[in-house]
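*Asks:* Between the sequences and the hints, there should be enough to build the whole structure, so can you do that?
Number of protein chains: 2
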Amino acid sequence: MEWETRARYDESIFFVLTELEQGLWTNGKHRFALPEEHRVSDILPTATFEFNKAVSTLSHWFDGDRFVLGEQFTMADIILAHTLNWAESFEFVVPEKLLNYKNRMYAREACKRALAKAG
Amino acid sequence: MEWETRARYDESIFFVLTELEQGLWTNGKHRFALPEEHRVSDILPTATFEFNKAVSTLSHWFDGDRFVLGEQFTMADIILAHTLNWAESFEFVVPEKLLNYKNRMYAREACKRALAKAG
Chain A
145 MEWETRARYD
155 ESIFFVLTEL
165 EQGLWTNGKH
175 RFALPEEHRV
185 SDILPTATFE
195 FNKAVSTLSH
205 WFDGDRFVLG
215 EQFTMADIIL
225 AHTLNWAESF
235 EFVVPEKLLN
245 YKNRMYAREA
255 CKRALAKAG
Chain B
145 MEWETRARYD
155 ESIFFVLTEL
165 EQGLWTNGKH
175 RFALPEEHRV
185 SDILPTATFE
195 FNKAVSTLSH
205 WFDGDRFVLG
215 EQFTMADIIL
225 AHTLNWAESF
235 EFVVPEKLLN
245 YKNRMYAREA
255 CKRALAKAG
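Going line by line, the protein sequences match chains A and B.
For the record, in the first sequence the residue sitting at position 2 is 146 according to our numbering, with numbers rising by one throughout.
For the record, in the second sequence the residue sitting at position 10 is 154 according to our numbering, with numbers rising by one throughout.
If you're looking for bench data, these hints aren't it; they were derived computationally from the structure.
Treat each hint with caution, since some may be false.
Note: identical chains are not told apart, hence a pair may lie in one copy or across any two.
The calculated SDA-like cross-link candidates involving lysine to any residue, where the alpha carbons are at most 25 Å apart (straight line), are [what the hints assert, rightly or not]: (1) Lys197 <-> Glu181; (2) Lys173 <-> Phe211; (3) Lys241 <-> Lys256; (4) Lys241 <-> Phe211.
*Replies:* Right under this line is the structure:
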């Protein structure tokens, strides 16, 4: 991988893990993941606000065609598709072009095999 | 960089960005960074709880000697030292061995030059 591609790869993964996931994980933590005494349900609307902002940013730099890095499938696609799937299952609003991309990634044979193994 | 070192490098950076930073950024967002109508000050004790848990985990796998990857200085050190500095300036409790490491990183000539440029 050339350094420029590597930089875009790191950038994409960092964006997904630190921005796109943040609202989702805040939602999950304060609904069920944190010990009950640390949950603050008033935070949930803010988590939605943050996710909407992040997914809007994402849809400005990625239109869902092919892969995150263009023609090359990478782990960035696995992490992004997983996070979009998470958003859908939490009933957050995800632009259709990104849901289509996510469904295309989940339709990959390797993804089906991995999910079958995960049980 | 060998693949095993590369994996530890990614793991370290992902830990800092997604775990160690999370409580700090939640604190900053809800004190000053978010638009006022989205701030929830009740979240602040939970942010401290999360940071304490993350910094305790960190201190189990990194004792502050040399560098994150051992003998080799990498960007993981810049990101970790920056985040520990952030924790200190927000008056979170940071174990002494990690503060010593952070101070050692900030004492590097290259760090001083970078900070001078940043103004």
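*Asks:* If a hint holds in the structure, say so; if it doesn't, say that too.
*Replies:* Consistency of the hints with the structure:
1. Lys197 <-> Glu181: between (28 Å within a copy, 15 Å between copies)
2. Lys173 <-> Phe211: Intra 30 Å, inter 32 Å, cutoff 25 Å: neither.
3. Lys241 <-> Lys256: within (21 Å within a copy, 46 Å between copies)
4. Lys241 <-> Phe211: within (13 Å within a copy, 43 Å between copies)
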